[in-house]
Each structure stands twice: as structure tokens, then as C-alpha cells.
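Chains as they are written, first to last, in the working numbering: chain A, 3 to 342; chain B, 3 to 342; chain C, 3 to 342; chain D, 3 to 342.
Accuracy of the hints is not assured; some may be wrong.
Since the list can't tell identical chains apart, any single copy or any two copies may satisfy a pair.
[Stated by the list, open to error] EDC-like cross-link-like pairs, simulated, lysine to aspartate or glutamate; straight-line CA separation at most 16 Å:
hint : residue 1 : residue 2
1    : 27        : 61
2    : 306       : 174
3    : 45        : 193
4    : 211       : 282
Hints are computed from structural coordinates only; laboratory data are not their basis.
Number of protein chains: 4
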Amino acid sequence: MKVGIVGAAGYTGEALVKLLLGHPKVELTTVTSRTHAGKPLSKVIPSLRGADQGLCFVDSDPATLAASEVNLFFLALPHGAAATYARALVAAGKKVIDLSADFRISDLETYERYYGEHHAPELIKDARYVLPELTSPAWQTEAGLVAAPGCYPTSILVPLVPLLKAGVISREHIVVNSLSGVSGAGKKAEEMYLYVERAESAKAYGLAKHRHLAEVEEQLALHSGAPVVIQFNPHLAPMRRGIATTITVPAAKPDIAALYAAWEAAYGDSPFVQILPSGETPDTAHVVGTNRVDLSAVYDPRTKNFVITSAEDNLIKGAGGQAVQIMNLWCGFPETAGLI
Amino acid sequence: MKVGIVGAAGYTGEALVKLLLGHPKVELTTVTSRTHAGKPLSKVIPSLRGADQGLCFVDSDPATLAASEVNLFFLALPHGAAATYARALVAAGKKVIDLSADFRISDLETYERYYGEHHAPELIKDARYVLPELTSPAWQTEAGLVAAPGCYPTSILVPLVPLLKAGVISREHIVVNSLSGVSGAGKKAEEMYLYVERAESAKAYGLAKHRHLAEVEEQLALHSGAPVVIQFNPHLAPMRRGIATTITVPAAKPDIAALYAAWEAAYGDSPFVQILPSGETPDTAHVVGTNRVDLSAVYDPRTKNFVITSAEDNLIKGAGGQAVQIMNLWCGFPETAGLI
Amino acid sequence: MKVGIVGAAGYTGEALVKLLLGHPKVELTTVTSRTHAGKPLSKVIPSLRGADQGLCFVDSDPATLAASEVNLFFLALPHGAAATYARALVAAGKKVIDLSADFRISDLETYERYYGEHHAPELIKDARYVLPELTSPAWQTEAGLVAAPGCYPTSILVPLVPLLKAGVISREHIVVNSLSGVSGAGKKAEEMYLYVERAESAKAYGLAKHRHLAEVEEQLALHSGAPVVIQFNPHLAPMRRGIATTITVPAAKPDIAALYAAWEAAYGDSPFVQILPSGETPDTAHVVGTNRVDLSAVYDPRTKNFVITSAEDNLIKGAGGQAVQIMNLWCGFPETAGLI
Amino acid sequence: MKVGIVGAAGYTGEALVKLLLGHPKVELTTVTSRTHAGKPLSKVIPSLRGADQGLCFVDSDPATLAASEVNLFFLALPHGAAATYARALVAAGKKVIDLSADFRISDLETYERYYGEHHAPELIKDARYVLPELTSPAWQTEAGLVAAPGCYPTSILVPLVPLLKAGVISREHIVVNSLSGVSGAGKKAEEMYLYVERAESAKAYGLAKHRHLAEVEEQLALHSGAPVVIQFNPHLAPMRRGIATTITVPAAKPDIAALYAAWEAAYGDSPFVQILPSGETPDTAHVVGTNRVDLSAVYDPRTKNFVITSAEDNLIKGAGGQAVQIMNLWCGFPETAGLI
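One chain only, chain A, in its complex shape (with noise of 0.2 Å):
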């Protein structure tokens, strides 16, 4: 099977197209590239010097990607610019899987809220947003087009969905603070994310109007069956990946037990999602380089709250390694193809 990925050359890009190289089922054809069309792959991403397979970057407009042999597409690129390329690739009968936010949002005046005009408005119906670990597998027939979920949300809601479920906590007052490595932000030449700029400093930035946020209150809206509002505090940390998550929520029960036996109905089996003992609390150098969540809880007697923590490489769980998991279950490859 021929997979390409669209806008390759960003730090997501560069993610996918390694994982991608590696893959035991598919076979990387196509990597596109406005900036840097006609380069080797390895002359934009040294790190793959002697392991580009002699790919090189080609600006590919989408009628020529819809009319290549390419079975599957990433679509690697901004909000806006992804849902011209997912239209003509629909149409054309290819797989496509977006990891942009354009179809995130089912309803299309949030998202205009939020991202400004919407390039395919008339693919939201048949786009399906799917998180591996909590989608229920129906997507895998239906979906016309699959939305990747973002960094934060994928860290967010791994802890929170199946707790919402069980009713093991509050509804209300969940306060997420996520810390989130400079990757986060793309490959930006602006002055914030250089090294002088960004080594030894950490800060909260986006309070309270942080794009992610609707797309985290309609998962969790759609999975616990009622609206759910959270306060999501991101702040940047000196680091290149990697989002630590920490959220507060009262207890609806003072029953830590009941919490991890929510966790374990959920992800027992599952190869990426890892539960820490209550106590020991994920480390992002534990997961940069994994397609994991490592999971963890405990119970504050003093004031009734759970404190959740989770912790993802915000590039390979969060983006690109979560894509090719879908991408495993969309083509019935085994889930931890070319992940583990």
C-alpha cells in the first residue's frame, strides 16, 4: 500500500515521515514540501542521512495528488490549507487522514469561531474524529475522512473520558494545566521560540482562549453524554517535546480505587496506554519517542479531589504516531504496526 504525507517538512511532517519509513505495510511514496520541493528528504531532515530511501520533497498540487497511485494521505499542514486538500483527495476515492484541525469540530460555527472560514464544509459529515483508545470502532466503515486529534486533547481526554463515564468524578471544576515542550508551536522563525528566548524560561501563554478547547469540550460533551466546560491552562517549558498534563477534579467518591478500575476497563489491553501506580507520576522523558500516554492518580483527602497526570510525546502520540495507529486500524494492519 502507497501512503503519502501533504506538508511534511514541519516538525509533525518529520515525525510522521520517519515513522512512516519504518512502517512494515506501507510504502512512503509521496512527501510534499512548497519550500523545499525538489531536496532530497535527508538534505531538510539530516537526521535521516543514508535512510531517506531516495525520496525527495515535491510541491504536488491536489488535483496531481488525486490523480497519483497513492492509496492513503496525511494531511501535515495548517488549519485552513488542509481541508482544500482533503476535498479533492475525498473525491478522488483516496484514505485520508488529517492532522490538522479542520475536522475536529463538527459544529462548523464553533469552528469558524475559533479558525475562521471553513475550506469543506460539506465533508464535516462524513469526517470522523478519531482517538484510537476511545472511538468506537463503527469509524472504521464509516468515515469518509478521519480528523486526528490534537496534542493537548489526546492528553486531556485519554484520563478524562472513561472517568466522565463511570462517574467516578465531578463534572465540574476540572482545571487542566498542561506543560508543553517549544515543538508544540511548529517550526516558527519568530523571535519567542528562539533558543536565547525560550532555555531556563517556562510560562502559561493562550489562558482561557486556547483554540484546543473546543475540540476537547465536544469529545468530552459526546463521550459522557452531557456538556462538560473545563478551564485549560497551556504553558511552554524549556524542552523540544513532550506535554505533561495535570488536572484537578473533585471526587464523586473518595474511591481512588474506583478511579483506576475505570482506567483499567478502558486501557487493560491497551498497547499504548500505560497506568502508573497511584504515586508515581508520568515523566515526559518516559514517553518522547513513543506513541504512549503513561497515566497517572491519587486522591486528596484534604480537599476531595483527584489529581490526574498523563504525559505524551506531543509530536508521536499527540500527532504523527497517533495518525499511523489510525491509519493501522483504518487498513486492518495490526495496531502497533511500525509503533512499537
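Dock chains B, C and D against chain A, hints included.
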């Protein structure tokens, strides 16, 4: 006036040494370290080469220090050890500013629950916990010795106290997440604190049981006239210094102006508290090396919470700098002497 | 085929474990650690959660290992300790690849001058020092055990050996400066290696007496047929992994083409040596995680020197990866098995 | 006395601003930036919140500055731009200390080969290159304007000049390797300088053609009375500030004492040069934030070389601090005013 530092070879001690060597009103004459006794300061703190004023570390017992000409001592010792020195020095009529936890908690039982046996309980009643921007000046005449606040508590109390007193925030559902640089753990030769382990790594730790809780909640209750219970989630971030604290708390009224008014009233003239416009968040990189706390806040209409952010240098405003500020007030020096 | 790692809890051991767990031709069945005996691999190497294939550390003496079914052992032990295990394992007919210094030096006296007493001197004559790209294949049949090269030596020998043999560089005035990430020092809980001490810090160390000198000079002499004395200046840089080496050497002829021709002849077909165009310098960030050495060189007409640069991952091509490459050749597997 | 900084929004400008705001003998009255004109200093340099003395950036042309009351200007501008300002300010009788390369090179042709057209060549003859520890005091009366040394050159000239003059080292086969923090590249919003690209990355750059060569070799020749050609290999290391330089040079005599004696004679009384015992190497972390250069050396009997190491803060002793030191001498202030 002659000052001394007991236990000056750690990270806090080093910060104190540098501030006091440059202080216009005092002479640093005594610097103790059991490990490094006999060595010149600059052998242990190489950044002081050519600037250590010929001082050497001494290994001095409480009695000898009590008999010395030094007028004021800073104790930069582990809790437990500090109390023993405090007893001897206070008895000898020395002014003592303790940077350990030994005199931060007025209730002996609470202290011993968190820290174990107290070695000078009789001094607790005459000790005063002094956060200069918050503690009313009476301490300057009453204090037998002064307990300087902890690093995390400073970053939490400065933003919260005026808001609780003004009634602009709820006393319930207060969630505090803090990120600390690795120096907060002290100069401990343990695997966990090795460069290779901490670089590129972020994680929560000490959830639901961090020792600073007792101190923070006692002060919040003291200032606001009623018990306050908070959720405190500390994290390690891969940087040497700095604490970034993010506090989520329900707003009493949806009025960010009222919050800022309370801060302005409390800190409008304070040289060491900088109030940033709503939407501009403090950054640890902007306060490291200063005695400042930077503050900001936003109101989130979706959650009806305020999200409050602060940043400080854990070794200066969170430790040595604040201790010097206390000395300045206690001795009638300009508050900013040696600090700006 | 069954393989084992003796001393697998250090940084090199961890790199080996990960490579061998993913290796298509071998089964990792035995992993030893005195400190962590009894613990699952993933307790000590949390990045392996869910992927440690149920392995636990054992504390095994040489005799027990000698009696086991394991066919090949990697020794990731300190020098001195390795020799003792090598003696027992070789006697039992096991293949042994030693990553310590114990068998890198053919002259016992030289070894003992740098490292102290040798615990299995009788094995030295049958041991072979194998840098796969440079050592002629005879070792594959002759070797009683194999000494894998050190991290610094690999980054120096790969660029220099073909140039000395081709006579394109002087054998005099060779100056080698190397920067190493902190993992090169091993997992040592010492103040010097704490995050706070090493972050934002660069310094030379071990000048004029680094142990790797003996190994480098013996190999240079062996390959070039005459003694070579080099200046080796190692440095610590604030990063976890990677070695960047810069070599200044007088050119035999002012002919950069001749230098590149010698490299092409030696490494044109090598999967693990990448030759960069003159003027494009290797970057440790581009080789970390790979088994590569990247090479480049410029001619400086002002000084008549070549300036030669190389980069590698000190834990992979500089240790565990190269050891796996050696195993692949020794056991008749494809050279790149488990490495690309 | 009133001083001004032209081009104060870069990293060097920021270092200068902080030193001059705290300087006991001068008043910083004018700070220019085209980009940030009109903004308070602390808006652009947030670490100055509450301490920027109410100063705002202005966008001022040479004529306006020439007509101002400012007595002395620091030029922290790119080469080329600096010359134009220098011409106007010198003509108006202002003291000018230029931190760019425009007046570091006495030979116009050499300058233009490295830097392109010179915009005020007529000023070169009256300009003096001043490295305070090395330049004989005559400059203080002769200088029409002063060229402050570059960051790399300072770290090379301070160790080498006394040794060349004393004849304890060879003038041939001098090999200089330097590691610089990323701030050395200036505040450039380019992909290469992004946090994600530089963290955990070390590499050589600018081999055989770095612009600082011309300056270093001119000064070495000037001080030692004969041409000196060096190999200069600069490297980027993942840190914000600091330069560590390692120099390998054949010893004239195998006598480390003679080398130290030459340094003692040159720097014994110098407040800003610290001579470390042989075997103890300078560390950038120990000099960052100071105006110091730390020096050390070893003799290698195997190679008959001296290996000489130095460390400095590239933004202080390598730029702003040295410029302030020059001002102190030029204006008759204590040499250490505002620097210790």
C-alpha cells in the same frame, strides 16, 4: 553592621552570599559550611573568583557563633538543624533570619506532622513569619527571630492574599499548579537530579502532600480570617531557576477590574511586585536574577474562573533576596538596598 | 539466538537493551544489574513501559552466566569488572563483546598505566579491537572476544584512519577537540553532573591525560604503520547525548579532493558513515538516535591545515549500536539488522 | 556624565543597558532602537520591569544624537551601520565606543574583504582597538573613537598575547577551538536559532573563514611584532551565553612555570583576569554574569604542546562589560565601577 550566613554552600546560601557581598549597608564576615570549612569562598563558588573579599568558610558551632561580633545571622540550613542554631543565637541577642521551615508554622503539632521533631519549640511564639509585602510592620519590633517564607509559598501568597482579603475570589476550589527549576531541590547528588535525567523532562511530584502546603494554608487563613484549603500541584521543569505558578479560582464577581484594583491597592507602590496587564503572562526568564514577583490574571467567562499567574526567582524572591529584604526592613535600611 | 547484557542499568546498557529488544535476529533473554536485580526492566527504564517483553534484571555471577543458554554476551561494565566476566564466559565458549576498556589495548603495560591491574591478561592476545568500518574481516574468525571501541575513539578513528593510510594528512601536529554530552560520564550521582551544575555550562576536562588516548594512538599506529601522537582535548557540553569532534591537521597536499577521495574509497558503501560536502558541518542533533558517524572537512589555505569534523551518538555508534553492528557481522546477520 | 546606547534592543544592547543603569558614575539618558521606538525599556527587556528608570527607546538619526547633551555613546549596531553613526558623533566631539567590527581592523582593504564597503574610512586612523588588559594606556589620550574587541577575540587574545610577547609559545601551529552560546549569533529570528534546533545540538561552523580571524591575527601581530596565523574553529553549544576557548600551541620550552609567570606578570593585578591552577579548567557557568576571563593551561609532555583554556561571558567581557570597562578608563572612573 556585621552579618553571617550559617550553611552557605548550598544554592540558597550562594544566592545570599552574592547579595550580601554587594550590599551597601552590611559587612559579610562569617560564612559557615561543615563540608567546605577552611576553603576560600571562591573555591566553592567559582563565580566569585576575585570577588570573594578574601572570605573563607568556617565550621562553627552555635556557641562560637553566639559569642562572635556578628549582629545578624541568616540560617540557610535544612529544617531541624536551623532550630538548634536559632536557639543559641537568639539567646545571645543576635538577630536571626531563618530560611528553613523551622519557624514558618505557628502550630507545633502541624510542624511535627510535616517535618518531625522540633528542636526549639519554645522559640515559636516569638518567631514571626515575614513576607514583607504582606506582613504588617509590627513584626519589626516584636520579632525575636524571623522565618523567611518558602519559594512556592511566596509565589502563591503574593497573588492570593490581597484577593482573599478583598473578597474578589472564592475561598473554595482554589487550584495551584507550580513549575520549579531544579535548584529548588537543593544541591543533592541524587540520580533524579542528574543533568541527563532532568534535561528535556517535565513532571509533577509531591502531589497532595507537599510540605509547603501547611505554610501556605496557615498564611492564607491568617490573612483572610478563615480556613482556606488549596490544591497544590508542584512540577519540575528543565531549568535551573525560577518558579511559574498558575492559580485557577472561581471569581466572586465576573470583574477582572476588581481583581486588579485589589492588587494595585496592595502593591501599587511595591518595588518588588510587578503587575502585568491582563493577557500578558509572567515568564520565569524575566524574573530570574531579580527580587521580583510578576503577576497577571485573566477572567474566563466560560468557567467564571480567574486564572492568575505569577513568576519569581526561587533563590532570590523565593529565598535569599527576600531574606535580605527582611533584613533591610528590620535594620532600618532602604527596602531595596542591595536588591536593585 | 539468545543474547544477554551484563550491567544493563547504565546509559550504555539502556541503549543496548532498546536496540536488542527490537532486533529481528536475536532474543534478549538475560539482563543483569546488581543494584536492580528482581525489578522489571521498565521499572528502571521507564521509557520501556509496555515494551520490556516481561524481562527482569537478574544479579548473576560469571559462573551462572557461563552455564546459561545465552550464546552471546555484551559486557556493559566498568573496566576491571568486565575482564572477570569475560574470562568465565569465553571459557564457556560464549561469544563476548566487551564495551569496557579492558581489551581495547594490546599492550598490558600501557593498559595498567591507564587503568590499573588487569584481571584477565591471558585473554588479551585473542581479543580483537573491532571498529567495523576499519578492522579487516579476519577478526570474524579469529576473535576469542571482541573489544568494542570507545565513544571518543570512534569519532576520531573513523575520519583519520583512511587519511593517514592514504597519506593525505601529516602524522604530526594532529589536534583533536571533542565535545561530549553529559551521558558520556555515565550515570554517576555526583555534584558535577547535576542538572544545575551542567546546564548552560561548557568546559574542557581531562586535558593531556584522558584514558581514551592510549586506545586512539594504538589504533592510529596499527592502521598507519607508524606511531602517531595526538593532542586530545575533550569537553563537556550541556546536552544529554552526542559527540562532536573537530580535528585540525596539516595537509600533506593542499588538496581537499584527495581527502574526500580517501573517505569515498573507505566509506562509499558504508551504511553508517555519511560524508557531507565540504563546508557543511556535522551536528550532533542530526546523528543522535542513529548508528551513524557524519564526516566533513575543509582545507584552509591560510594555515595549510585540513579541519575535519565528525558527529555521532556517543551511546549508539559510540557504544551500544556499534556493539550490535559487531554482533551482526560476527553472527552473519545483515550489518544493518536492528540498526536502521 | 550622560551616556547613550545606539541600537540597544539586541542581546549586547540589553547587557549594556543593565550595566549602565547600575553604574555609579554615569546617567543613561538615551537608548535607541528603530524597531521599538516609543516603547518603555521594560516592554522590550522585561527583566527590567520596575527598574528601567522610566527610559523609553527612541529612533534617532545621527544628526539628532550629535546635537544631544550625551557625552559618550556606545554603538551596539551591525557593522556598516556603526560607521555612519560614528562619523556624525565623533564630528560633534562625542566620545564613541563602537562594539561593531567597523573600527577593529586598521587595514581598510582587509576590512572590506571581510565586511564589504566601509562607510567612514577616514576615521580608521584615529580609532583605537582597546582590550584594556593589553592595550597600552596611550589610547586614553589619543583615541578619537574606540573599537571594543569582539567576543571570540577577547577569549583568544587575553591568554595568547603575554605568552607570545614572553616567547614561551611557538608562533606556528596555533590551533584555537571555541564554543559559544547561542546569543553570540544575535537576536536573529532564523530557523537555525530556534530552541528546537539548537537544544541538545553541538556543531562547528564558519570554519576557515570566520570574520573574527582578521581582528585576532592583526592584534597578535601588533603585540608580538610579527605575523601570526592561527587556525580558528568556532562551535555552537546549546547554552544561552558564554565562550569556552581551548588553544593548542607548541611550547617554546617544556616549562609550564614560564607560561604562568608570563600570565602573572601581565594579569597579577588585573581584577578581571583570573588565573586558575594548572589542571583546573575554566567553566563558562563560572564567568557568565561577570566581566571576567578565567585562564588555565597544562603542558603535555607527549606532544610538547601547551593546552590553554579560557572562559568568558560573550555579552559582558566579550561585549558590553568590556565596553563599560573601556569607558571607565577613558573617563577616569575606577576601572571596576559598575562591573563588580
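Hints, verified against the model:
no. : hint        : result
1   : 27 <-> 61   : neither (25 Å within a copy, 40 Å between copies)
2   : 306 <-> 174 : both (13 Å within a copy, 12 Å between copies)
3   : 45 <-> 193  : between (25 Å within a copy, 15 Å between copies)
4   : 211 <-> 282 : between (31 Å within a copy, 13 Å between copies)
The structure is inconsistent with hint 1 alone, although it conforms to all the rest.
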